[in-house]
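Asks: Letter by letter, the chains look like this.
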Amino acid sequence: MGLSSLEIYKKLPQTNCGDCGHPTCMAFAMQLAEDKASLDECPDVSDEAREALAAAAAPPITDITIGVGDYERTLGEETEIFRHDKTFFNETGVAISVSDAADAEAIEERVEQIDQLTFERVGQVIEVDMVAVTNDSDDAASFKEAVEIVADNTDRILILVSEDVEAVENALEVVADRNPLIYAATEDNYEEMTEVAKENECPLAVKGEDLNSLAELAEKVKDLDYENLVIDSGARNASQVLADQTVIRRKCINDKFRPFAFPTITFASGETPAQEIAQASTYIAKYAGIVVLSETVELSEMLPVLTVRQNIYNDPRVPVTVEPNQVNEIGEPDEKSPVIITTNFSLTYYSVEGEIPSDAYIIPIDTDGTSLLTAWAADKFGGKKIAEIVNEETDIGDRVDHNKLTISGHVAVISGKLEEESGWDVVVGPREASGLTNFIANRWEDELEA
Amino acid sequence: MAVEIAKQNWDGQVEELTIGATEEEGGTRTSTVTVGGETTLPFLHFEGEIPNKPVVALEILDEEPKDWPEPLAEVWGDVWDDPAKWAKKCVEEYGAELIALRLTSADPIGQDRSAEEIAETVEEVLDAVGVPLIILGCGDEEKDNEILKAAAEAAEGENLLIGFAEEENHSTIAAACMVHDHNVIAQSPVDMNICKQLNILLTDMKVKTNQIVIDPLVSSLGYGMEYSYSVMERIRLGALRDDDMLAMPMINFIGEEAWDVKETQASEEEKPGWGELSTRGIQWETAMGTTVLQGGADILVARHPESKENIEAGIEELMTESSYE
Chain A
1 MGLSSLEIYK
11 KLPQTNCGDC
21 GHPTCMAFAM
31 QLAEDKASLD
41 ECPDVSDEAR
51 EALAAAAAPP
61 ITDITIGVGD
71 YERTLGEETE
81 IFRHDKTFFN
91 ETGVAISVSD
101 AADAEAIEER
111 VEQIDQLTFE
121 RVGQVIEVDM
131 VAVTNDSDDA
141 ASFKEAVEIV
151 ADNTDRILIL
161 VSEDVEAVEN
171 ALEVVADRNP
181 LIYAATEDNY
191 EEMTEVAKEN
201 ECPLAVKGED
211 LNSLAELAEK
221 VKDLDYENLV
231 IDSGARNASQ
241 VLADQTVIRR
251 KCINDKFRPF
261 AFPTITFASG
271 ETPAQEIAQA
281 STYIAKYAGI
291 VVLSETVELS
301 EMLPVLTVRQ
311 NIYNDPRVPV
321 TVEPNQVNEI
331 GEPDEKSPVI
341 ITTNFSLTYY
351 SVEGEIPSDA
361 YIIPIDTDGT
371 SLLTAWAADK
381 FGGKKIAEIV
391 NEETDIGDRV
401 DHNKLTISGH
411 VAVISGKLEE
421 ESGWDVVVGP
431 REASGLTNFI
441 ANRWEDELEA
Chain B
1 MAVEIAKQNW
11 DGQVEELTIG
21 ATEEEGGTRT
31 STVTVGGETT
41 LPFLHFEGEI
51 PNKPVVALEI
61 LDEEPKDWPE
71 PLAEVWGDVW
81 DDPAKWAKKC
91 VEEYGAELIA
101 LRLTSADPIG
111 QDRSAEEIAE
121 TVEEVLDAVG
131 VPLIILGCGD
141 EEKDNEILKA
151 AAEAAEGENL
161 LIGFAEEENH
171 STIAAACMVH
181 DHNVIAQSPV
191 DMNICKQLNI
201 LLTDMKVKTN
211 QIVIDPLVSS
221 LGYGMEYSYS
231 VMERIRLGAL
241 RDDDMLAMPM
251 INFIGEEAWD
261 VKETQASEEE
271 KPGWGELSTR
281 GIQWETAMGT
291 TVLQGGADIL
301 VARHPESKEN
311 IEAGIEELMT
321 ESSYE
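Residue numbers (full-length UniProt numbering), protein chains in the order written: chain A, 1 to 450; chain B, 1 to 325.
I should point out that these hints are in silico values taken from the structure, not numbers from a laboratory.
Label-pair restraints from in silico Cβ distances:
id, chain 1, residue 1, chain 2, residue 2, range
1, B, D204, A, E227, 56 to 62 Å
2, A, G69, B, N9, 45 to 51 Å
3, A, S5, B, K208, 44 to 50 Å
4, B, M319, A, N16, 56 to 62 Å
5, B, N193, A, E332, 39 to 45 Å
Derived lysine-lysine pairs resembling DSSO-like cross-links, with alpha carbons at most 27 Å apart:
id, chain 1, residue 1, chain 2, residue 2
6, A, K384, A, K417
7, B, K143, B, K85
8, A, K404, A, K380
9, B, K206, B, K149
10, A, K220, B, K7
11, B, K196, A, K86
12, B, K149, B, K85
13, A, K220, A, K256
14, B, K7, A, K256
15, B, K66, A, K336
16, A, K336, B, K262
17, B, K262, B, K66
18, B, K149, B, K196
19, B, K149, B, K208
20, A, K417, A, K380
21, B, K66, B, K271
22, B, K7, A, K86
23, A, K256, A, K86
The beta-carbon is built from N, C-alpha and C at its ideal position, and this holds for glycine as well.
Please put together the full structure from these sequences, using the hints given.
Replies: Printed below as a string of structure tokens:
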């Protein structure tokens, strides 16, 4: 529950009655600390202690659900300041804004463009999650109309950007069931805006002028009994956004500071796509729950931003792998090109791929994403296994007219077994991938004729 | 409600390091570049000092590149057969404060140029521009020991930054840098322990801690960048927690990595869903550069002048003071 057994023990009745099934209160506290017991088992624990323990056990950042259906997603629930300490869990939502000051046709076109921002790379789909409709017209009717057009043209999550309670209320008449994010409750409108959010059960962004006013306002909204929140410190300059994001995250994780225990929303304020991309990359790396862009709508501009997110939120506890047990073509290989056998650990694979100067085939063997020597030591890169994969799962035999597989000099020891099991000749290449350039340029011809 | 700002007290400081030497300092450079010196995590001005901004260098080769994609050919194609002209264009047209010269022509399976020829090239580039230089080998260990030694000698007094010293091959390069008064890049393969071990080996040879730059070997955005990013964060945290052997500025060769992947090379016909090639690569390099800045990069080596400009604009914004009253 995130507390040490001693901290829990201090809040227990310390009667050592044994009614909880544990011999002493300390033993019970130790089980609680490891989540192996429930506080309900103790008959004498006070309500006050129960509350204190529950608050301490609550996740440092609340999880907020936004959107519905395929695009429904969770924000927040993070527990780390640095990804290498465990992982970042819920990817930053990436939103693009649409102004309600544009005419209907222009809105439709822009939404269509945004709706195409879905990419497939290295076997994963990455895409823009949200569309933020901004009430630039200052007119409630235009806002409602724009929201309706956007909603009709995309299934992506909606953010309703208006501080005008009436405009938000009107727009919600058409899209409340899509669980959009309302942006935002401010010092001036928070009572009514919170009421509207509550009635429609939609997440609500709380916007302060700085960290102090944000904390104050978040507390006020919580006092109105609403905690389905996203927070914004109001900063727009990258330097201040970075500072605020860092302080918010630290206050949540280190101090359990409850007014900030919500996912954040940030706005890229750059005037060009390049400026926005620089800001968005920074905010994604540094804790933003949502980042809203307005200038970056081209495919070529959004692909890098979404890739930054994909990288940063990649779980460092799980090795990154490439699709195993298949033939990958580098350049334009033909029937005389070398066939290189390696593992499916991304770093290994790409260091091999990166050193190949000309045309070749690479077959990454499934080693659960471990490197060459690790895989060999763990019996995941043996002659028999490689032979089976090469002969039964790939068509490499049809693609080349030679009979040679190249392996790294590090695992030369498997060549006998591999030859015997596969029927291919094994060429022992250089130990390091960096030697491949030289190998292919100077030795491959000879090997081919040997 | 007054929120108590969560400031961290760091004990350590990143070493400050200068590249280049002017006439008064025994060189011929018209400007120098100083990096490092931070006492806080990247751009967190509210809890420490950031005396020097990160710098973006432009990378040039000493021979015509073979496989650089179209957007790079477009900006450099008219000068890339002549490293002196190329360097001049970097400085005069694109305002480069620092240039990285990669000596690929020495590659034994390529042109195999001799150490003497390489030394001449280095001198030509030094004559052509006044900014400080980073000098990089061709990647063949044996040959690099030869040519980098010659380059270090030819550029004595210029206080260059030379790479790479590696765990298994560092003594020749480190010695050349010491004898001829240059800084050295210590490259480790995405591994904080090897990084630290290499710095220990170098300082055991009496290389000064403020003459070493760490290259943690960053992979391209989309291809393992996050590994390097986390290693960089851990190296920087080590420095701030007062580990002397991790307290060096860091360099990232973002251009070399960013322009070597499908996303920056594939044509629009091949990948219509990825948009225009002309902007895709530049933004790829921009996004990669700005992200690794958050890992603690002090020197970024880029290949496209526009991404250099984009990243510099981002740095400028991040260098404005953040504060809490």
